[in-house]
Amino acid sequence: MLQYDIVVIGGGPAGLAAAIAAKKNGVDSVLLIERDRELGGILQQCIHNGFGLHEFGEELTGPEYADRFIKELKELNIEYKLNTMVLDISENRYISAINTEDGFMTIKAKAIVLAMGCRERTRGAIKIPGARPAGIFTAGTAQRYINMEGYMVGKKAVILGSGDIGLIMARRLTLEGAEVKAVVELMPYSSGLTRNIVQCLDDFNIPLLLNHTVIDIEGKDRLKGVTIAKVDENRKPISGTEKYYECDTLLLSVGLIPENELSRSANVKIDPVTGGPIVNESMETSVKGIFACGNVVHVHDLVDYVTAESRRAGYNASKFVKGELYEEKDTIKTNPGEGIRYIVPHMVRVKNVEDSLELFMRVKDVYTNVKMRVKSGENIIKEMKKRHLAPGEMEKVKLNLKKIEGKLDDITVEIVKEGA
Amino acid sequence: MEKREMICIVCPVGCHIEVIEDKNDPSGYIVKGNKCKRGKEYGIKEVTNPTRIVTSTVKVNNAHLCRLPVKTNNPIPKEKISECMKEINKVEVNAPVEVGEVIIRNVLGTGVDVVATRDMC
Ligand SMILES: Cc1cc2nc3c(=O)[nH]c(=O)nc-3n(C[C@H](O)[C@H](O)[C@H](O)COP(=O)(O)OP(=O)(O)OC[C@H]3O[C@@H](n4cnc5c(N)ncnc54)[C@H](O)[C@@H]3O)c2cc1C
Ligand code: SF4
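Protein sequences, first through last, are from chains A and B. Per the numbering used here, the very first residue in the first sequence carries number 466; after that it's consecutive. Per the numbering used here, the very first residue in the second sequence carries number 72; after that it's consecutive.
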């Protein structure tokens with residue numbers, strides 16, 4: 466049986482940052498396991514620019530961002546296994562994995578970092594009626610085909626969902642010579658960045674149909690067309706508004722789901738709102754010695770935040786191995802208040818916070834000119850004016866705990882409308 | 072052009088701005104709807120010389136993948152995007168390639184290079 470101090474599962478930006486941070490904090494026995502044939506995770510297919518503004522102060526493409534961390538990992542001589550699939554983990558930190566070279570392996574780890582990322586919601590998850598012809602892809606699958614395998618997915622496309630991946634793919638298909646007839650969004654607003662709406666749709670005159678959805682799919686072997694209709698306030702199609710669009714390709718960009726089969730196998734508690742593990746200030750899950758970071762915890766839109774969060778996970782996993790992490794005492798909770806959908810971390814063992822505590826969260830709706838208020842128990846400890854908040858943009862709140870007087874109580878973050 | 076409406080993308084607020092030609096203003100334009108002065112700069116740039124970074128892929132031989140990702144190392148004029156794509160699509164390279172390696176020098180005489188955005192071996 467193999468033995469390591471820390472095993473990191475997943476070689477995307479989260480796993481890379483966690484492994485690097487653990488090694489830099491003095492733990493030498495680190496193994497990173499990746500099921501793909503190379504490191505970098507989903508970034509290798511995100512060839513557009515816009516990554517790394519926070520981390521490096523410049524705009525990099527996905528592969529360039531990944532490259533910097535892959536090189537650092539190699540320089541630090543961190544061990545990694547490619548083409549290796551982790552099948553199962555247990556509460557007492559045994560890992561079963563398989564690859565063609567070593568066959569089946571059992572690995573004992575003192576600490577595990579989960580960094581498996583997320584997967585895309587598929588047609589089944591959103592239940593579009595109609596036929597099941599070829600030509601329907603999730604946007605991420607199409608992105609991989611075009612950008613890595615060199616295989617064009619179609620000539621005339623409709624995209625369902627206006628999240629960033631859908632918008633980016635609208636531009637990508639257009640640049641490769643396809644005609645994108647429309648991007649269709651069920652909600653009254655796009656969950657993508659405005660910058661992407663301008664540079665990916667407006668630049669190429671691609672219509673964005675808000676309050677619309679795909680209600681039917683036609684075609685036997687290959688997709689021939691889709692029917693799109695307007696929806697009412699209850700997101701139900703309005704009869705009489707149906708319009709047929711001829712197309713051979715339908716891309717689905719309808720959300721991401723954290724990939725937590727492994728976490729469940731180790732009885733890690735999952736937050737039903739984020740779909741990821743419940744974690745504390747050290748990014749440790751409900752199971753002692755099992756840490757988690759990146760998209761497996763909650764879906765991130767900025768890879769820079771993935772890196773920041775994952776460094777914390779790797780660093781704390783190394784502290785755990787060295788016996789420097791304090792056990793549950795003085796644990797407080799973080800509560801999403803009015804207008805906040807969730808907060809990560811969910812729990813804080815105050816003694817383990819070294820300098821400041823970073824809270825990541827998402828809001829429930831679009832807000833303009835509001836205040837974000839942070840309370841400890843009933844005391845207001847911080848207030849920030851916000852000109853613009855949207856569900857598509859993750860918010861970060863940094864609390865300097867040394868500056869807070871008195872004993873810290875459960876933390877609530879809420880949105881307060883001006884004047885209240 | 073007399074007047075154009077657009078969304079400022081310099082920051083996440085996303086102001087809806089109007090750029091109007093005006094000979095009396097030193098810049099030649101007045102901008103309305105912007106909440107800060109960066110919006111004015113952006114609006115004027117968008118009507119006088121809008122530029123974009125182009126990212127795409129080129130065919131690569133002898134590698135574990137079929138496509139090598141590339142980008143223009145500086146923004147190019149927006150109206151040259153589709154011509155630039157044509158140039159990119161003509162190229163075929165052989166591995167190994169290193170990140171930052173120039174794939175097309177001075178594309179379309181813009182002074183901008185198309186470079187590889189990852190190592191490929
Ligand atoms: C299709 C898609 C497109 C995206 N596009 C953008 C974008 O344009 N811009 C942006 O900022 N963000 C984008 N994101 C968000 C992006 O995923 C995150 O910013 C970031 O990549 C998350 O990093 P991660 O390491 O948590 O996950 P990932 O990058 O997904 O890495 C997880 C890794 O874990 C591996 N893994 C999973 N399970 C196992 C297992 N059982 N055994 C071994 N290895 C395993 C996977 O193969 C993968 O390499 C996109 C996400 C998706 C899904
Ligand atoms: S005008 Fe200023 S505030 Fe408005 S979007 Fe542009 S940069 Fe942001």
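You may find that some hints are simply not true.
With a Cα cut of at most 27 Å, we get these calculated DSSO-like pairs of lysine-lysine [to be verified]:
| hint | chain 1 | residue 1 | chain 2 | residue 2 |
| --- | --- | --- | --- | --- |
| 1 | A | 850 | B | 149 |
| 2 | B | 111 | A | 646 |
| 3 | A | 863 | A | 836 |
| 4 | B | 151 | A | 850 |
| 5 | A | 536 | B | 106 |
| 6 | A | 573 | A | 646 |
| 7 | A | 546 | A | 592 |
| 8 | B | 161 | A | 829 |
| 9 | A | 621 | B | 106 |
| 10 | A | 863 | A | 851 |
| 11 | A | 620 | B | 161 |
| 12 | A | 621 | B | 111 |
Since the hints were made in silico from the structure, they are not lab data. Computed from a predicted model, the values in this text were never measured in an experiment.
Comparing the hints with the structure gives:
no., hint, verdict
1, 850(A) <-> 149(B), "violated, 36 Å"
2, 111(B) <-> 646(A), "violated, 32 Å"
3, 863(A) <-> 836(A), "holds, 15 Å"
4, 151(B) <-> 850(A), "violated, 41 Å"
5, 536(A) <-> 106(B), "violated, 42 Å"
6, 573(A) <-> 646(A), "violated, 52 Å"
7, 546(A) <-> 592(A), "violated, 38 Å"
8, 161(B) <-> 829(A), "violated, 47 Å"
9, 621(A) <-> 106(B), "violated, 39 Å"
10, 863(A) <-> 851(A), "holds, 15 Å"
11, 620(A) <-> 161(B), "holds, 20 Å"
12, 621(A) <-> 111(B), "violated, 37 Å"
When each numbered hint is compared with the structure, violations occur for hints 1, 2, 4, 5, 6, 7, 8, 9, 12.
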